[in-house]
Amino acid sequence: MSATIEVERCSPRVTAVQMHFADLDVKQSPTRGQHSPPCVPVRIGLNPVPPLPADKLAQRLAELEKTPQTPPAKDLRPVPAPLAKSASKASDSTQRSHHDSGYASIASSPEGLDPKKSQQSTFSSSKLRVFDRPVPEYLQHRFYDLKVLYSEDLLKAVYKKNVDQKDLSMKLKYLGKSEPSAQLYIVVQCEAKFAKKVKKFFAQSIVKESLGDDFKLHVLNRAPQGLASDVEIKVYGLEIGATDSLCGQPIMLSNGHTSAFATMGGIVQVVTDTDYEPQLYGFTAAHSLVPLIRANAAEHADSPGDGVSECSSDDDDDNDEDEDEDILFDAPSDEDVDSDTQSFNIHEADIVGKIVANSVEMPVNRDWSLVSLDRQSWLPNLLPPQISSKDVNGIPIYFSDASLPFSYSATVTVLTCRGPQQGTLETNKSFLFSAPGSELIQTFDLKLEPDYRLRPGDSGSWVVDPGSGRILGHVASIDAFGEAFIVPFQETLGDIRNSLGAVHVRLPSQDDIDRWRSESKCPEPPTGPSLMEDCVSPEDSSTIDAAVTPDVSFPKAINLRRG
Numbered sequence: 001m002s003a004t005i006e007v008e009r010c011s012p013r014v015t016a017v018q019m020h021f022a023d024l025d026v027k028q029s030p031t032r033g034q035h036s037p038p039c040v041p042v043r044i045g046l047n048p049v050p051p052l053p054a055d056k057l058a059q060r061l062a063e064l065e066k067t068p069q070t071p072p073a074k075d076l077r078p079v080p081a082p083l084a085k086s087a088s089k090a091s092d093s094t095q096r097s098h099h100d101s102g103y104a105s106i107a108s109s110p111e112g113l114d115p116k117k118s119q120q121s122t123f124s125s126s127k128l129r130v131f132d133r134p135v136p137e138y139l140q141h142r143f144y145d146l147k148v149l150y151s152e153d154l155l156k157a158v159y160k161k162n163v164d165q166k167d168l169s170m171k172l173k174y175l176g177k178s179e180p181s182a183q184l185y186i187v188v189q190c191e192a193k194f195a196k197k198v199k200k201f202f203a204q205s206i207v208k209e210s211l212g213d214d215f216k217l218h219v220l221n222r223a224p225q226g227l228a229s230d231v232e233i234k235v236y237g238l239e240i241g242a243t244d245s246l247c248g249q250p251i252m253l254s255n256g257h258t259s260a261f262a263t264m265g266g267i268v269q270v271v272t273d274t275d276y277e278p279q280l281y282g283f284t285a286a287h288s289l290v291p292l293i294r295a296n297a298a299e300h301a302d303s304p305g306d307g308v309s310e311c312s313s314d315d316d317d318d319n320d321e322d323e324d325e326d327i328l329f330d331a332p333s334d335e336d337v338d339s340d341t342q343s344f345n346i347h348e349a350d351i352v353g354k355i356v357a358n359s360v361e362m363p364v365n366r367d368w369s370l371v372s373l374d375r376q377s378w379l380p381n382l383l384p385p386q387i388s389s390k391d392v393n394g395i396p397i398y399f400s401d402a403s404l405p406f407s408y409s410a411t412v413t414v415l416t417c418r419g420p421q422q423g424t425l426e427t428n429k430s431f432l433f434s435a436p437g438s439e440l441i442q443t444f445d446l447k448l449e450p451d452y453r454l455r456p457g458d459s460g461s462w463v464v465d466p467g468s469g470r471i472l473g474h475v476a477s478i479d480a481f482g483e484a485f486i487v488p489f490q491e492t493l494g495d496i497r498n499s500l501g502a503v504h505v506r507l508p509s510q511d512d513i514d515r516w517r518s519e520s521k522c523p524e525p526p527t528g529p530s531l532m533e534d535c536v537s538p539e540d541s542s543t544i545d546a547a548v549t550p551d552v553s554f555p556k557a558i559n560l561r562r563g
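If you count the sequence shown from 1, position 424 lands on 424 in the UniProt record's numbering, and the numbers rise without skipping.
Just so you know, these hints were derived from the structure itself, not from any lab.
Every clue listed holds true.
No more than 20 Å apart at the CA atoms, straight line, and that leaves these computed lysine to aspartate or glutamate pairs for DMTMM-like: (1) K197 / E209; (2) K200 / D213; (3) K197 / E152; (4) K177 / D213; (5) K208 / D153; (6) K166 / D153; (7) K196 / E152; (8) K160 / E439; (9) K160 / E191; (10) K147 / E209; (11) K197 / E439; (12) K156 / D145; (13) K208 / D145; (14) K147 / D214.
FRET-style restraints, in silico, Cβ to Cβ: (15) K160 / D514: 52 to 62 Å; (16) S509 / D213: 50 to 60 Å; (17) V503 / D153: 29 to 39 Å; (18) H141 / D514: 38 to 48 Å; (19) S499 / I206: 29 to 39 Å.
Even glycine gets a Cβ: it sits at the ideal position worked out from N, Cα and C.
Assemble the whole structure, with the sequences as input and the hints as a guide.
Below, the structure written as C-alpha cells:
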C-alpha cells in the first residue's frame, strides 16, 4: 500500500531525505522561476519501507544537521519550465473577454487571435499595445494633482493664439510591447497641429520632474471624436406618440444652414423660483451646436477675417505625426457606421422645441444643452423593460447626489436610439477639454462590451445603472481606444442650476409628469436670451422645410411601447 506525504523544501537538506528513501516516487510541483522560494510544498509518493528505529532516526537527523550540502537525488524529476506568457495571456483574455473595450474593430489584432477575446487592445506586434491593468489608487490621485497643477497652463500653451480650438483629452493607459514591459502613460489625444505644442509643454523640466518615474507621455494625433452627426439636414424628433419615454430618442438640430444629429438623454426639471411652476426640458449634448454657432458667427461677420481664425503660418511646422504611428488602430468603416440608420421623411417628424440654454459658451464646458418641450413631449424617464425584469413597463431613472467612490467600476447601460448598449464604467482616469472652453473636466471612462458600440448621433445619451435605474452621466465623445468619455451627471446638474439661476434641478418623477400633463395650461419656459438665435422654434414651422432635404438618413428610435 502506497502513501503520500508533503514536506517543505526549506533547504537543500531535504534532498538527503530523498536519498535515504531510494525508491521514492517524487512528484514536485512546478515553480515559476529558476530558484525555488524558501518553502515550496513537494508532493512525494511513498512505497512502503521498513521504519527506522528511533535511535537510528535521531542519529541520521544529527548527521544531516552537520552536512553542509547534499547532492541532488538522482531520481528527482526536473521542474517543468514555466508556460509561455503568450499562452497564459490568451487564457486570461478568454476568461475576461467581457471586459474588452467596446470597439472590437478599433484595434487590429495579431494573426490568429480573436480581438473580442483579448484582454488588451491588440495592435501590430512591433508596436505598442494597450494592457487592461488596474491603476493603483495613489497614482490616480497623483494624476488628478497633475491635472490641477498644469491643465490651465497646458491649454494656454496649446491654444495661446486665436485658433480654432478642438477637443483634447488626457487619460491613463498601460502601454508596452509586452505585458512585463508595459508602463503607465499619460496619453494625450489632440489634433496633429497641436501635438508639438503638447510635447513642448511636457518637456519642460518642472513638468518632467513632476511626472517623475511614475508616468511616461504619449501623444496621439487624434482629437476625441464627438458623437454628433454633421449630416446636412433642425430641434425635431420622431413622432412622440410612438414611444413611452424620450430617453434614447434621436433628435435633429439645425439653424437653417447647418444641422446635426444627437440623442435626447431624457427630461430634467428646473425650478427657477419657489413661486414659479417647474419647467421641463429635454437634455442632450452641446458639442453638436458648435458648428451651428460658428456658422452663425461666420455668416454675420463683416468680413471673412472677422470670424474664428485658423492657425497662423508659423504653426505649419507643428504638425507632428510620428507618435501616432506607434499605435495602430483599425477604425470602424463608414458602412459599419451607417448600418443602423433608416430612411426618414422630415415631413413626418414632430418639432420638439428649441435650444434654451447650453454650456458651449461657459468657461467650464460640460457638454450639455436644454431643449424646450411642449406638453405632449412630457414623458417619464424610463429604462426599457427588456433591461430589467423589475417592472414590465420599465423602471424609473433617478438621480442621487451621493458621491461615487474615488475608484469605482460598475456595469452600466447606455440608452441610445439603437437600443441599450452595455459596458463598464470606471472613474478617475480621464480628463476632457471640450471646445470651446477654458478647463479640462474630469470624466468617467466607458468600455463597451463586445458587440456593442457607440456611433455618430449618440452624444447626449444617458448612462444608467441597469439594476437600480440611477443615472451616472451622459455620453460626450469617444477616443482612439474606442472608449467613451462620460460627463458625471452630478456636476452637470450643478452647472445647469448655476447657468439658469435655478433653485434646484432634478429629474421629474412619473407622478410629477402625470400631474402636470393633466393640467389645462402648460407651464411656459422662462424667457431669456438664447445662444442659438437662429434655431428653429415650435412657432417657426414655416422655415423648417426650406432648409432641409425631404428624405434623409435618421437613426432608428427605440420603441418602449408594449403591445
